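In order, the protein sequences belong to chains P and R. The numbering of the first sequence is the numbering used here, which starts it at 1 and goes up by one. The numbering of the second sequence is the numbering used here, which starts it at 1 and goes up by one.
Please note that a few of the clues may not be correct.
Just a few of them, taken from the derived set where beta-carbon distance is under 10 Å, the chain R residues facing chain P [to be verified]:
#, residue
1, V51
2, V69
3, T77
4, L80
5, L88
6, V93
7, G212
8, M221
9, L232
10, R243
11, T244
To give an idea of the chain R side of the interface with chain P (calculated C-beta under 7 Å), a few residues [to be verified]:
#, residue
12, L76
13, T204
14, A208
15, W215
16, G217
17, V220
18, L223
19, L236
Listed next, with one range per pair, are the computed distances between beta-carbon atoms [what the hints assert, rightly or not]:
#, chain 1, residue 1, chain 2, residue 2, range
20, R, R241, P, A17, 31 to 41 Å
21, R, R181, P, A17, 15 to 25 Å
22, P, V10, R, V42, 30 to 40 Å
23, P, W6, R, E119, 44 to 54 Å
24, P, T46, R, L112, 43 to 53 Å
25, P, A25, R, E100, 46 to 56 Å
26, P, V10, R, A58, 34 to 44 Å
27, R, V239, P, V10, 18 to 28 Å
28, R, Q185, P, A25, 45 to 55 Å
29, R, V239, P, W6, 16 to 26 Å
30, P, W6, R, V235, 21 to 31 Å
If you are wondering where the hints come from, they were derived from the structure by calculation, not from laboratory data. These numbers come from a predicted model, not from an experiment. Note that beta-carbon positions come from the ideal geometry of N, C-alpha and C, so glycine has one too.
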Amino acid sequence: MIGDDWRLAVGAAGALAVAGVAAHAGVSAWWVSPAILATLLGLSVTRATPRGS
Amino acid sequence: MRTVILVAATALACAVEMVEALTIVLAAAFTRGWHSVRIGIVAALVVLAAVVALLGPALTLLPLETLRVVVGFLLLTLGLQWLRKALLRTVGVIPLHDEEKIFERDVKEFALPATADAEAVRHRFDPYAFTLSFKGVFLEGLEVAFIVVTIGAAHKDFPLAIFSALAALVLVAIAGVIVHRPLSQVPENTMKLVVGLMLVTFGTFWGAEGVGVHWPGSDVMILAILAFYGVLSFVLVEVMRRRTRRPLAAPEMGAALTASASSDASGTTS
Numbered sequence: 001m002i003g004d005d006w007r008l009a010v011g012a013a014g015a016l017a018v019a020g021v022a023a024h025a026g027v028s029a030w031w032v033s034p035a036i037l038a039t040l041l042g043l044s045v046t047r048a049t050p051r052g053s
Numbered sequence: 001m002r003t004v005i006l007v008a009a010t011a012l013a014c015a016v017e018m019v020e021a022l023t024i025v026l027a028a029a030f031t032r033g034w035h036s037v038r039i040g041i042v043a044a045l046v047v048l049a050a051v052v053a054l055l056g057p058a059l060t061l062l063p064l065e066t067l068r069v070v071v072g073f074l075l076l077t078l079g080l081q082w083l084r085k086a087l088l089r090t091v092g093v094i095p096l097h098d099e100e101k102i103f104e105r106d107v108k109e110f111a112l113p114a115t116a117d118a119e120a121v122r123h124r125f126d127p128y129a130f131t132l133s134f135k136g137v138f139l140e141g142l143e144v145a146f147i148v149v150t151i152g153a154a155h156k157d158f159p160l161a162i163f164s165a166l167a168a169l170v171l172v173a174i175a176g177v178i179v180h181r182p183l184s185q186v187p188e189n190t191m192k193l194v195v196g197l198m199l200v201t202f203g204t205f206w207g208a209e210g211v212g213v214h215w216p217g218s219d220v221m222i223l224a225i226l227a228f229y230g231v232l233s234f235v236l237v238e239v240m241r242r243r244t245r246r247p248l249a250a251p252e253m254g255a256a257l258t259a260s261a262s263s264d265a266s267g268t269t270s
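Throw the hints in and build the complete structure from the sequences for me.
Listed below in structure tokens is the structure:
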């Protein structure tokens, strides 16, 4: 389930939590989880990609 | 529209995993005979059916909002891993799955010792062959079972999710019987990328709904989220391609290779 990068699983939980807090604070929070997840995925794949290989 | 994407996601996920299971099963049957392999396949399918039968109804007992959060989180966890691996394979950081090569390696590994009576092993119960086929089908099928359970629960349509997975399973099995070789021509990585995109899309949509987010345009946003992650994947592939072309100082290269190798070593099944 957790797979190769556990940070993505933790990040998914975090993204939903932040979106939930923002939504309950009255903020229009639909963009929050996609933005966090996109950033996490970007960091995960670039971190695993060696430069100049 | 939502139903079409859900059916496609379930069927594609099942097809990809079953192509991988088929390679293991064929290698085991090729070296040890079909008798015990067949029993292993049936046993694994029974256990997977039990997982779906137990987990599915249990999930539907949850209140709707909690169910959406649980399903959203599970789909995000699975989908992000599939997407990550497919992106890394696209740029060659992780080698593409070569079913033909895996089959040849497995045949060598599963082969009987020279002293064994091959004909006798083929006709009696062989625990090794049973374990190989059971493990292959069960481990590859477990992710599919989770996808069937989560999508079935969230969409409140278990029969449709199960039917989609079974249709793909039967299709791969028929192809395997006809070809009698690993299905190396199947574009596994592209299928994984598409499934990853769909799982992350539904995970984002349902997970956010569950924690109280209101999507503008409601269901139409599913397509917008899918497009967003599709464009993101395209951009990430370009960024990774450029990154792999740029020369790197020795300490940076060591750190990146270590990160890449550790992620590769920990993900051997999918």
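Consistency of the hints with the structure:
Using the Cβ-Cβ criterion of 10 Å, the hint placing R/V51 at the interface with chain P is not satisfied: the shortest such distance is roughly 13 Å. Hint status for R/V69: holds, given a least beta-carbon distance of 6 Å to chain P, under 10 Å. Using the Cβ-Cβ criterion of 10 Å, the hint placing R/T77 at the interface with chain P is satisfied: the shortest such distance is roughly 5 Å. At about 4 Å, the closest approach between the beta carbon of R/L80 and any beta carbon in chain P falls short of 10 Å, and the interface hint on this residue holds.
About 6 Å separates the beta-carbon of R/L88 from the nearest beta-carbon of chain P, less than 10 Å, and the hint is met. The interface hint given for R/V93 is met, as the beta carbon of that residue sits about 5 Å from the closest beta carbon of chain P, less than 10 Å. Checking R/G212 against chain P: minimum C-beta separation of about 4 Å stays under 10 Å; hint holds. Because the beta carbon of R/M221 sits about 7 Å from the nearest beta carbon in chain P, less than 10 Å, this interface hint is met.
Because the smallest distance between the Cβ of R/L232 and any Cβ of chain P comes to about 5 Å, under 10 Å, the interface hint for this residue holds. The criterion of a C-beta within 10 Å of any C-beta in chain P is met by R/R243, whose closest approach is roughly 5 Å, and the hint holds. The beta carbon of R/T244 comes within 5 Å of a beta carbon in chain P, closer than 10 Å, and the hint placing it at the interface holds. This hint holds: R/L76 has a C-beta 4 Å from the nearest C-beta of chain P, less than the 7 Å allowed.
Contact between R/T204 and chain P, as hinted, is supported at the beta carbon level, the nearest pair being about 6 Å apart and thus within 7 Å. Given hint, R/A208 at the interface with chain P, holds; its Cβ is 5 Å from that chain's nearest Cβ, closer than 7 Å. Residue-level restraint check for R/W215 holds (minimum Cβ-Cβ distance to chain P is 5 Å; threshold 7 Å). Here the hint on R/G217 is broken, as its CB sits about 10 Å from the closest CB of chain P, past 7 Å.
Given hint, R/V220 at the interface with chain P, is violated; its Cβ is 12 Å from that chain's nearest Cβ, farther than 7 Å. Checking R/L223 against chain P: minimum C-beta separation of about 13 Å lies over 7 Å; hint violated. Given the 7 Å rule on beta carbons, the hint for R/L236 holds: about 6 Å separates it from the nearest Cβ of chain P. Taking 31 to 41 Å as the suggested C-beta distance range, the pair R/R241 and P/A17 conforms, at roughly 34 Å.
Between R/R181 and P/A17 the C-beta distance comes to about 48 Å, which lies outside the given range of 15 to 25 Å. Taking 30 to 40 Å as the suggested C-beta distance range, the pair P/V10 and R/V42 conforms, at roughly 38 Å. Roughly 48 Å separates the CB atoms of P/W6 and R/E119, a value that falls within the hinted 44 to 54 Å. Range check, P/T46 to R/L112: about 46 Å between beta-carbon atoms, so the 43 to 53 Å window is met.
At about 55 Å, the CB distance of P/A25 to R/E100 agrees with the hint of 46 to 56 Å. At roughly 24 Å, the beta-carbon separation of P/V10 and R/A58 lies outside the given 34 to 44 Å, and the hint is violated. Checked against the hint of 18 to 28 Å, the pair R/V239 and P/V10 passes, with Cβ atoms roughly 23 Å apart. One distance hint, 45 to 55 Å for the beta-carbon pair R/Q185 and P/A25, holds here, with the actual separation near 52 Å.
Separation of R/V239 from P/W6 is about 23 Å and conforms to the stated range, judged on CB atoms against 16 to 26 Å. Remark: the range hint 21 to 31 Å for P/W6 to R/V235 is upheld by a beta-carbon distance near 24 Å.
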